[in-house]
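I would like the entire structure built from these sequences, with the hints used as guidance.
Note that the protein sequences, when read in sequence, are chains V and R. Once you know that position 59 of the first sequence is 89 in my numbering, the rest is easy, because the numbers rise by one and skip nothing. Once you know that position 45 of the second sequence is 156 in my numbering, the rest is easy, because the numbers rise by one and skip nothing.
Check before you lean on any hint, since a few could be wrong.
[Stated by the list, open to error] Okay, the calculated bits of chain R under chain V, using three or more residues with CB under 8 Å as the criterion:
#1 126-133
#2 201-207
[As the list claims (entries may be wrong)] Okay, derived cross-link-like pairs now, SDA-like style, lysine to any residue, Cα gap no bigger than 25 Å in a straight line:
#3 K131/R with I76/V
#4 K100/V with I79/V
#5 K152/R with S61/V
#6 K152/R with F77/V
#7 K152/R with K100/V
#8 K152/R with D56/V
#9 K125/R with P60/V
#10 K137/V with Q117/R
#11 K166/R with K125/R
#12 K103/V with Q32/V
#13 K33/V with E47/V
#14 K33/V with Q153/R
#15 K100/V with Q113/V
#16 K137/V with Y80/V
#17 K152/R with G115/V
#18 K166/R with T132/V
#19 K137/V with S95/V
#20 K166/R with A183/R
#21 K137/V with S72/V
#22 K152/R with P60/V
#23 K100/V with S72/V
#24 K177/R with S116/R
#25 K175/R with T37/V
#26 K33/V with Q140/R
#27 K137/V with Y62/V
#28 K103/V with P60/V
#29 K152/R with T134/V
#30 K137/V with S154/R
#31 K137/V with Q140/R
#32 K137/V with S61/V
#33 K137/V with S120/R
#34 K166/R with Q140/R
#35 K152/R with L78/V
[Unchecked claim] Pairwise CB distance ranges, derived in the manner of DEER restraints:
#36 S129/R with Q32/V: 32 to 42 Å
#37 I76/V with S184/R: 18 to 28 Å
#38 L142/V with T229/R: 25 to 35 Å
#39 R102/V with S184/R: 42 to 52 Å
#40 D138/R with Y94/V: 14 to 24 Å
If you're looking for bench data, these hints aren't it; they were derived computationally from the structure. Where a beta carbon is used, it is the ideal one built from N, C-alpha and C, also for glycine.
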Amino acid sequence: AQKITQTQPGMFVQEKEAVTLDCTYDTSDPSYGLFWYKQPSSGEMIFLIYQGSYDQQNATEGRYSLNFQKARKSANLVISASQLGDSAMYFCAMREGSGYSTLTFGKGTMLLVSP
Amino acid sequence: GAVVSQHPSWVICKSGTSVKIECRSLDFQATTMFWYRQFPKQSLMLMATSNEGSKATYEQGVEKDKFLINHASLTLSTLTVTSAHPEDSSFYICSARDFLDNSGTRDTQYFGPGTRLTVL
Numbered sequence: 031a032q033k034i035t036q037t038q039p040g041m042f043v044q045e046k047e048a049v050t051l052d053c054t055y056d057t058s059d060p061s062y063g064l065f066w067y068k069q070p071s072s073g074e075m076i077f078l079i080y081q082g083s084y085d086q087q088n089a090t091e092g093r094y095s096l097n098f099q100k101a102r103k104s105a106n107l108v109i110s111a112s113q114l115g116d117s118a119m120y121f122c123a124m125r126e127g128s129g130y131s132t133l134t135f136g137k138g139t140m141l142l143v144s145p
Numbered sequence: 112g113a114v115v116s117q118h119p120s121w122v123i124c125k126s127g128t129s130v131k132i133e134c135r136s137l138d139f140q141a142t143t144m145f146w147y148r149q150f151p152k153q154s155l156m157l158m159a160t161s162n163e164g165s166k167a168t169y170e171q172g173v174e175k176d177k178f179l180i181n182h183a184s185l186t187l188s189t190l191t192v193t194s195a196h197p198e199d200s201s202f203y204i205c206s207a208r209d210f211l212d213n214s215g216t217r218d219t220q221y222f223g224p225g226t227r228l229t230v231l
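Below is the structure:
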């Protein structure tokens with residue numbers, strides 16, 4: 031079974047609108063971390079936001095917020111007020127266990143922001 | 112934020128030659144670095160975990176004799192693709208782990224800009 035599932039291969043959004051990128055995960059470990067990375071066409075992976083399994087509140091970083099629903103095992107990324115520069119590939123990733131472990135990535139979602 | 116560099120950003124080589132890719136953490140010390148491979152329109156696949164001062168841990172299916180990893184210092188890890196062949200052409204990207212606190216509960220990986228390898 032896939033540990034990280036991103037069901038949206040591609041998403042379109044108009045500039046200044048909000049968009050939600052879906053991510054569900056599968057783990058039996060009570061301690062885990064969830065990450066979102068952005069990969070523009072240049073190839074670099076840019077860290078966006080982190081959510082720990084024991085965090086009480088949803089993570090926010092500027093225009094990025096993570097809609098963490100633990101019971102449903104989902105960690106959707108919400109981008110508010112989309113900008114043209116947000117067009118990129120977005121990857122959800124999970125680290126299982128408390129530190130010292132590797133990341134497992136989803137297949138990614140391509141986001142295109144139109145004027 | 113934590114900065115990771117990679118060199119070269121792209122390389123073209125002939126089949127049978129070896130290519131070395133460097134990964135450096137510029138403003139922090141990284142006891143652990145990771146090497147990933149990414150084919151076009153696909154996700155990142157972890158190749159190996161590189162620990163400073165010890166042997167790398169390779170993922171299943173990755174040939175350790177073909178992909179040599181050396182993590183000689185707290186800021187530098189190298190990946191050498193030995194006797195490269197066209198099927199080794201890919202985007203290679205490294206990351207370094209930066210603990211925000213001593214407990215490592217956040218354990219964020221920061222990525223280099225990647226190296227595009229083309230083997231002719």
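Hint-by-hint comparison with the structure:
1. 126-133: violated (count 0)
2. 201-207: Contact hint for the stretch 201-207 of chain R vs chain V: holds, 3 residues under 8 Å.
3. K131/R with I76/V: OK: K131/R and I76/V at ~24 Å, within 25 Å.
4. K100/V with I79/V: holds (16 Å)
5. K152/R with S61/V: Since the Cα atoms of K152/R and S61/V sit roughly 30 Å apart, the hinted pair is violated (cutoff 25 Å).
6. K152/R with F77/V: holds (19 Å)
7. K152/R with K100/V: Violated. K152/R to K100/V sits at ~29 Å, over the 25 Å cutoff.
8. K152/R with D56/V: Holds: K152/R and D56/V sit about 23 Å apart, inside 25 Å.
9. K125/R with P60/V: Given that 25 Å is the threshold and the Cα spacing comes to 48 Å, the pair is violated.
10. K137/V with Q117/R: holds (23 Å)
11. K166/R with K125/R: violated (28 Å)
12. K103/V with Q32/V: holds (13 Å)
13. K33/V with E47/V: Violated. K33/V to E47/V sits at ~30 Å, over the 25 Å cutoff.
14. K33/V with Q153/R: holds (16 Å)
15. K100/V with Q113/V: violated (29 Å)
16. K137/V with Y80/V: holds (18 Å)
17. K152/R with G115/V: holds (19 Å)
18. K166/R with T132/V: Holds. K166/R to T132/V sits at ~16 Å (cutoff 25 Å).
19. K137/V with S95/V: Status holds; Cα separation ~20 Å.
20. K166/R with A183/R: holds (10 Å)
21. K137/V with S72/V: holds (18 Å)
22. K152/R with P60/V: Between K152/R and P60/V the Cα gap is close to 32 Å, so the pair fails against 25 Å, i.e. violated.
23. K100/V with S72/V: Distance of about 33 Å is beyond 25 Å: violated.
24. K177/R with S116/R: holds (23 Å)
25. K175/R with T37/V: violated (33 Å)
26. K33/V with Q140/R: violated (30 Å)
27. K137/V with Y62/V: holds (19 Å)
28. K103/V with P60/V: OK: K103/V and P60/V at ~12 Å, within 25 Å.
29. K152/R with T134/V: holds (17 Å)
30. K137/V with S154/R: Holds. K137/V to S154/R sits at ~5 Å (cutoff 25 Å).
31. K137/V with Q140/R: violated (30 Å)
32. K137/V with S61/V: holds (23 Å)
33. K137/V with S120/R: holds (23 Å)
34. K166/R with Q140/R: Status holds; Cα separation ~18 Å.
35. K152/R with L78/V: The given pair, whose Cα atoms are some 20 Å apart, holds under the 25 Å limit.
36. S129/R with Q32/V: 32 to 42 Å: Holds, since S129/R and Q32/V (Cβ atoms, about 35 Å apart) stay within the stated range.
37. I76/V with S184/R: 18 to 28 Å: holds (25 Å)
38. L142/V with T229/R: 25 to 35 Å: holds (27 Å)
39. R102/V with S184/R: 42 to 52 Å: For S184/R against R102/V, whose Cβ atoms are near 44 Å apart, the range 42 to 52 Å holds.
40. D138/R with Y94/V: 14 to 24 Å: Holds: the Cβ-Cβ distance is about 23 Å, inside 14 to 24 Å.
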